[in-house]
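**Student:** Sequence:
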Amino acid sequence: MPTSPGKIIPVGFLPLKSDTDRHHYYPLFLDVAGKECLIVGGGSVAERKALMLLKFHASVTVISPRATKKLVHLADTGAIRILPRTYRYGDLDRAAVVFACTDDRDTNGAVRKDAAARGVPVNVVDKPEECDFIVPSIIKKGDITIAISTSGRLPLASKKLRQAIEKTVTKDYVAYTRIIGALRQHLLDTVPDGRKRRTIMKYIAAMDISDVVRTGLKGMKKILGDRVR
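To get the working numbering, take the position in the sequence shown, counting from 1, and add 151.
A couple of the hints might just be wrong.
[Said to hold, decoys possible] The calculated lysine-lysine pairs, modelled on DSBU-like cross-linking and capped at a C-alpha distance of 35 Å, are:
1. 220 with 311
2. 353 with 264
3. 291 with 322
4. 310 with 322
5. 310 with 264
6. 372 with 322
7. 278 with 310
8. 373 with 318
9. 186 with 318
10. 318 with 372
11. 220 with 318
12. 292 with 221
13. 186 with 322
14. 264 with 347
Just so you know, the hints here were simulated from the structure itself, not pulled from any lab data.
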(Lines of atoms letter the chains of each structure in order from A and count residues from 1; the text may use other names and numbers.)
(Lines give C-alpha, C1' and ligand atoms only; values in the text may rest on other atoms or scores of the structure.)
Protein backbone atom coordinates (compact mmCIF):
# COMPACT_ATOMS: atom_id res chain seq x y z
CA MET A 1 0.00 0.00 0.00
CA PRO A 2 1.40 3.46 -0.83
CA THR A 3 2.75 5.56 1.99
CA SER A 4 4.47 8.91 2.28
CA PRO A 5 8.31 8.78 2.29
CA GLY A 6 9.76 7.88 5.64
CA LYS A 7 6.38 6.87 7.12
CA ILE A 8 5.40 3.20 7.12
CA ILE A 9 2.21 2.14 8.86
CA PRO A 10 1.95 -1.62 9.49
CA VAL A 11 -1.40 -2.89 8.23
CA GLY A 12 -2.13 -4.59 11.56
CA PHE A 13 -1.85 -1.29 13.40
CA LEU A 14 -3.81 1.09 11.22
CA PRO A 15 -5.61 3.69 13.34
CA LEU A 16 -9.32 2.91 13.49
CA LYS A 17 -12.11 5.40 14.05
CA SER A 18 -15.20 4.60 16.06
CA ASP A 19 -18.24 6.41 17.35
CA THR A 20 -16.68 6.48 20.82
CA ASP A 21 -13.42 8.17 19.78
CA ARG A 22 -14.86 11.46 21.00
CA HIS A 23 -14.81 10.19 24.59
CA HIS A 24 -11.44 10.84 26.19
CA TYR A 25 -11.61 10.04 29.89
CA TYR A 26 -8.75 11.22 32.06
CA PRO A 27 -8.09 8.62 34.78
CA LEU A 28 -7.89 10.01 38.30
CA PHE A 29 -8.60 9.01 41.88
CA LEU A 30 -11.12 11.21 43.67
CA ASP A 31 -11.13 11.65 47.44
CA VAL A 32 -14.78 11.14 48.46
CA ALA A 33 -14.16 10.44 52.15
CA GLY A 34 -16.75 12.35 54.14
CA LYS A 35 -18.15 14.01 51.03
CA GLU A 36 -21.83 13.92 50.05
CA CYS A 37 -22.36 11.47 47.20
CA LEU A 38 -25.92 11.41 45.89
CA ILE A 39 -27.50 8.38 44.23
CA VAL A 40 -30.85 8.89 42.49
CA GLY A 41 -32.47 5.48 42.20
CA GLY A 42 -32.88 2.52 44.52
CA GLY A 43 -32.35 -0.58 42.39
CA SER A 44 -29.47 -3.02 41.99
CA VAL A 45 -27.27 -0.51 40.15
CA ALA A 46 -27.77 2.05 42.91
CA GLU A 47 -26.94 -0.66 45.45
CA ARG A 48 -23.63 -1.45 43.75
CA LYS A 49 -22.73 2.25 43.59
CA ALA A 50 -23.51 2.70 47.29
CA LEU A 51 -21.48 -0.33 48.37
CA MET A 52 -18.44 0.81 46.40
CA LEU A 53 -18.69 4.40 47.67
CA LEU A 54 -18.82 3.10 51.25
CA LYS A 55 -15.53 1.28 50.70
CA PHE A 56 -13.99 4.71 50.19
CA HIS A 57 -15.75 6.25 53.22
CA ALA A 58 -18.14 8.50 51.31
CA SER A 59 -21.27 9.99 52.86
CA VAL A 60 -24.00 8.35 50.76
CA THR A 61 -27.56 9.56 50.26
CA VAL A 62 -30.03 7.56 48.15
CA ILE A 63 -33.16 9.21 46.76
CA SER A 64 -35.85 6.79 45.64
CA PRO A 65 -39.44 5.85 46.53
CA ARG A 66 -38.29 2.20 46.55
CA ALA A 67 -34.99 0.61 47.51
CA THR A 68 -33.46 -2.86 47.59
CA LYS A 69 -33.38 -4.80 50.84
CA LYS A 70 -29.64 -4.27 51.03
CA LEU A 71 -29.99 -0.49 50.73
CA VAL A 72 -32.71 -0.47 53.38
CA HIS A 73 -30.47 -2.52 55.67
CA LEU A 74 -27.60 -0.09 55.11
CA ALA A 75 -29.91 2.79 56.02
CA ASP A 76 -31.18 0.97 59.12
CA THR A 77 -27.61 0.52 60.34
CA GLY A 78 -26.74 4.16 59.67
CA ALA A 79 -24.28 3.43 56.87
CA ILE A 80 -26.27 5.49 54.34
CA ARG A 81 -29.27 7.80 54.26
CA ILE A 82 -32.39 7.12 52.18
CA LEU A 83 -34.90 9.78 51.19
CA PRO A 84 -37.99 7.71 50.21
CA ARG A 85 -39.31 9.99 47.49
CA THR A 86 -38.66 11.09 43.92
CA TYR A 87 -35.86 13.45 42.93
CA ARG A 88 -36.44 17.18 43.43
CA TYR A 89 -34.70 20.28 42.20
CA GLY A 90 -32.35 21.36 44.97
CA ASP A 91 -31.31 17.86 46.01
CA LEU A 92 -27.86 18.57 44.57
CA ASP A 93 -27.20 21.53 46.86
CA ARG A 94 -24.55 19.73 48.93
CA ALA A 95 -23.54 16.95 46.54
CA ALA A 96 -19.91 16.46 45.50
CA VAL A 97 -20.93 13.93 42.82
CA VAL A 98 -24.23 12.45 41.69
CA PHE A 99 -25.24 9.14 40.11
CA ALA A 100 -28.47 8.98 38.08
CA CYS A 101 -29.48 5.32 38.37
CA THR A 102 -33.22 5.25 37.74
CA ASP A 103 -34.99 3.44 34.90
CA ASP A 104 -36.84 6.67 34.06
CA ARG A 105 -35.25 8.69 31.26
CA ASP A 106 -36.94 11.93 32.29
CA THR A 107 -35.68 11.69 35.88
CA ASN A 108 -32.15 10.89 34.77
CA GLY A 109 -32.34 13.78 32.32
CA ALA A 110 -33.46 16.17 35.06
CA VAL A 111 -30.57 15.08 37.27
CA ARG A 112 -28.17 15.56 34.36
CA LYS A 113 -29.50 19.04 33.60
CA ASP A 114 -29.40 20.18 37.23
CA ALA A 115 -25.91 18.79 37.72
CA ALA A 116 -24.64 20.63 34.64
CA ALA A 117 -26.17 23.90 35.88
CA ARG A 118 -24.53 23.51 39.29
CA GLY A 119 -21.19 22.16 38.13
CA VAL A 120 -21.68 18.84 39.93
CA PRO A 121 -20.04 15.86 38.17
CA VAL A 122 -22.70 13.36 37.12
CA ASN A 123 -22.74 9.74 36.07
CA VAL A 124 -25.82 8.57 34.16
CA VAL A 125 -26.21 4.81 34.13
CA ASP A 126 -25.69 3.16 30.71
CA LYS A 127 -25.30 6.57 29.03
CA PRO A 128 -21.55 7.31 28.76
CA GLU A 129 -22.27 10.16 26.33
CA GLU A 130 -24.19 11.94 29.11
CA CYS A 131 -21.60 11.35 31.82
CA ASP A 132 -19.00 13.73 33.16
CA PHE A 133 -17.20 10.66 34.48
CA ILE A 134 -17.54 6.92 34.22
CA VAL A 135 -16.94 4.39 37.00
CA PRO A 136 -14.27 1.81 36.20
CA SER A 137 -14.21 -1.79 37.28
CA ILE A 138 -12.27 -1.69 40.54
CA ILE A 139 -9.93 -4.00 42.42
CA LYS A 140 -9.49 -2.90 46.04
CA LYS A 141 -7.18 -4.86 48.32
CA GLY A 142 -5.64 -3.08 51.28
CA ASP A 143 -3.90 0.06 50.03
CA ILE A 144 -3.95 -1.23 46.46
CA THR A 145 -6.62 0.13 44.14
CA ILE A 146 -6.62 -0.80 40.45
CA ALA A 147 -9.15 0.76 38.08
CA ILE A 148 -9.97 -0.83 34.69
CA SER A 149 -12.04 0.83 31.99
CA THR A 150 -13.03 0.29 28.39
CA SER A 151 -14.13 3.96 28.17
CA GLY A 152 -17.73 2.92 28.70
CA ARG A 153 -17.82 0.79 25.55
CA LEU A 154 -18.20 -2.65 27.12
CA PRO A 155 -18.52 -2.98 30.92
CA LEU A 156 -18.53 -6.79 30.64
CA ALA A 157 -15.04 -6.65 29.11
CA SER A 158 -13.87 -4.46 32.00
CA LYS A 159 -15.27 -7.04 34.42
CA LYS A 160 -13.48 -9.88 32.63
CA LEU A 161 -10.19 -7.98 32.72
CA ARG A 162 -10.70 -7.19 36.42
CA GLN A 163 -11.28 -10.84 37.24
CA ALA A 164 -8.10 -11.83 35.37
CA ILE A 165 -5.94 -9.13 37.01
CA GLU A 166 -7.43 -9.68 40.47
CA LYS A 167 -5.99 -13.19 40.58
CA THR A 168 -2.48 -11.74 40.28
CA VAL A 169 -2.87 -9.33 43.21
CA THR A 170 -1.92 -11.73 45.99
CA LYS A 171 -1.74 -11.13 49.74
CA ASP A 172 2.03 -10.61 49.35
CA TYR A 173 1.37 -7.45 47.29
CA VAL A 174 -1.00 -6.17 49.98
CA ALA A 175 1.56 -6.86 52.73
CA TYR A 176 4.33 -5.29 50.61
CA THR A 177 2.49 -2.00 50.14
CA ARG A 178 1.67 -1.87 53.86
CA ILE A 179 5.32 -2.42 54.82
CA ILE A 180 6.69 0.02 52.24
CA GLY A 181 4.19 2.67 53.29
CA ALA A 182 5.20 2.31 56.94
CA LEU A 183 8.89 2.42 56.02
CA ARG A 184 8.46 5.59 53.99
CA GLN A 185 6.72 7.28 56.92
CA HIS A 186 9.47 6.02 59.23
CA LEU A 187 12.10 7.60 56.97
CA LEU A 188 10.19 10.89 56.82
CA ASP A 189 10.13 10.95 60.62
CA THR A 190 13.74 9.96 61.24
CA VAL A 191 15.87 11.00 58.23
CA PRO A 192 15.80 14.76 57.55
CA ASP A 193 18.11 14.56 54.54
CA GLY A 194 15.86 14.24 51.46
CA ARG A 195 18.63 12.94 49.23
CA LYS A 196 19.50 10.19 51.71
CA ARG A 197 15.81 9.24 52.01
CA ARG A 198 15.51 8.88 48.24
CA THR A 199 18.67 6.75 48.09
CA ILE A 200 17.34 4.43 50.78
CA MET A 201 13.91 4.17 49.14
CA LYS A 202 15.56 3.27 45.81
CA TYR A 203 17.44 0.52 47.63
CA ILE A 204 14.20 -0.78 49.13
CA ALA A 205 12.37 -0.57 45.79
CA ALA A 206 15.07 -2.73 44.19
CA MET A 207 14.46 -5.51 46.72
CA ASP A 208 12.34 -8.48 45.72
CA ILE A 209 8.75 -8.22 46.98
CA SER A 210 8.86 -11.65 48.59
CA ASP A 211 12.08 -10.72 50.44
CA VAL A 212 10.47 -7.57 51.88
CA VAL A 213 7.38 -9.49 53.00
CA ARG A 214 9.44 -12.31 54.50
CA THR A 215 11.68 -9.85 56.37
CA GLY A 216 8.68 -7.98 57.75
CA LEU A 217 8.38 -4.41 59.01
CA LYS A 218 10.56 -4.90 62.09
CA GLY A 219 13.33 -6.56 60.08
CA MET A 220 13.16 -3.91 57.35
CA LYS A 221 13.49 -1.13 59.92
CA LYS A 222 16.66 -2.82 61.18
CA ILE A 223 18.04 -2.92 57.63
CA LEU A 224 17.18 0.76 57.25
CA GLY A 225 18.91 1.56 60.51
CA ASP A 226 22.09 -0.12 59.28
CA ARG A 227 22.02 1.93 56.05
CA VAL A 228 21.25 5.23 57.78
CA ARG A 229 24.25 4.95 60.07
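**Student:** So which of those numbered hints doesn't the model satisfy?
**Tutor:** Violated: hints 2, 14.
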